[in-house]
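Got chain G sorted already, so can you dock chain R onto it with the hints?
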Amino acid sequence: MEKNTAHNDGHSMSNSVIGFALSLILTILAFGAVMWGVLPHDMIMPVVVILGVLQLIAQLYFFLHLGLAPEHRENTVYLILTVMLIVVIVGLSLWVMHNANVNMMPMHMSTSDAMLHQ
Amino acid sequence: MSSVSSIHADDGAHHHAHDDSKKTIVGFWLYLMTDCLIFASLFATFGVLANATAGAPGAKQLFDLNYVAVETLFLLLSSFTFGVAVINVHKQNKGGALAWLALTFLLGLAFIGMEVHEFSHLIAENAGPGRSAFLSAYFGLVGTHGLHVTMGLLWLGVIMHQVSKFGLNAVMERRIACLSLFWHFLDLVWVCVFSIVYLGGVL
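Taken in order, these protein sequences are the chains called G and R.
Heads up: the first sequence begins at 64 in the working numbering, then just goes up one per residue.
Heads up: the second sequence begins at 19 in the working numbering, then just goes up one per residue.
So that you can see chain G by itself, here it is in the shape it has in the complex (with noise of 0.2 angstroms):
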């Protein structure tokens, strides 16, 4: 019997209680920041993201039972490296195509035109 609570790595009533109630929390404030309009426009997106982050990580602990014990550790190392390749993925792809839109010559200019602005 003993063994089997040892053996439950952290799957209990209140983990999943605690991490449904912080999931529906942040939720309902994301879809609030956006639909409520309570907050400045240029602070909005910010918002949204952060509180997605936190949930992430609610669900990561309550949900996915990762972190730092011995047991849970090699799950959290491969996260962190896929965490790692998901910033260098999407940060650069994004950080290339927006240096490519506002360097590159735009569509509707000819080349003589290009060198006109120059």
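One thing to keep in mind: the hints can contain errors.
As the list claims (entries may be wrong) - To give an idea of the interface, some chain G residues facing chain R are shown, with a C-beta separation under 7 angstroms as derived from the structure:
1) His74
2) Ser86
3) Trp99
4) Val101
5) Val110
6) Val111
7) Ile113
8) Gln118
9) Tyr124
10) Glu137
11) Trp158
12) Met160
Stated by the list, open to error - Label-pair distances were calculated between CB atoms; the ranges are:
13) Gly131(R) - Leu87(G): 19 to 27 angstroms
14) Gly185(R) - Pro103(G): 41 to 49 angstroms
15) Lys41(R) - Leu87(G): 32 to 40 angstroms
Worth flagging that the hints you see were computed from the coordinates, not collected in a lab.
Heads up, the beta-carbon is just placed ideally off N, CA and C, and yes, glycines get one too.
Just chain R, lined up with the frame of chain G:
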């Protein structure tokens, strides 16, 4: 004496089985991490093409946030009910596990039903995946997530059948642990989808 040694042998076997299932779960987690990279590329594509609407209606005209909020609630609830199902599995409560898995299945089905309805609505409004680069990226990203959830539903159906047939043995526990990771992972991806595609798109 013989009973003592048999207990020890049993313990060793149990230990071995536990180690194996641990390896399987770590391996499955690695698969999920590669799935993360697929979604990362789709998100990067969406981010690059988000404004490439080519005169077609954009996110602001197309998306109904109330509808997406209900969809989100279904998926979040299903993640919670799966967690409760896993608790029942650990308690060796077969009936409870089956009931909570069935509830998870229904909530997942409701999510997919809403998504299919949303997609058919968009296509009927002449805003299908072929209309603009933005819509291609949108259907590609959200459709891939929906396909994953559909596969999860199929898998869930198989698991429920197996639990009712074989009961809750160590093999079933391992399979359910993998599916539970898969299901929670899809909820994580959906958090990114609704934050960036729907909420970010409408702004």
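So, going through the hints one by one against the coordinates:
no., hint, in the structure
1, His74, "holds (5 angstroms)"
2, Ser86, "holds (6 angstroms)"
3, Trp99, "violated (11 angstroms)"
4, Val101, "violated (14 angstroms)"
5, Val110, "violated (10 angstroms)"
6, Val111, "holds (5 angstroms)"
7, Ile113, "violated (10 angstroms)"
8, Gln118, "holds (5 angstroms)"
9, Tyr124, "violated (11 angstroms)"
10, Glu137, "holds (6 angstroms)"
11, Trp158, "violated (10 angstroms)"
12, Met160, "holds (4 angstroms)"
13, Gly131(R) - Leu87(G): 19 to 27 angstroms, "holds (21 angstroms)"
14, Gly185(R) - Pro103(G): 41 to 49 angstroms, "violated (57 angstroms)"
15, Lys41(R) - Leu87(G): 32 to 40 angstroms, "holds (34 angstroms)"
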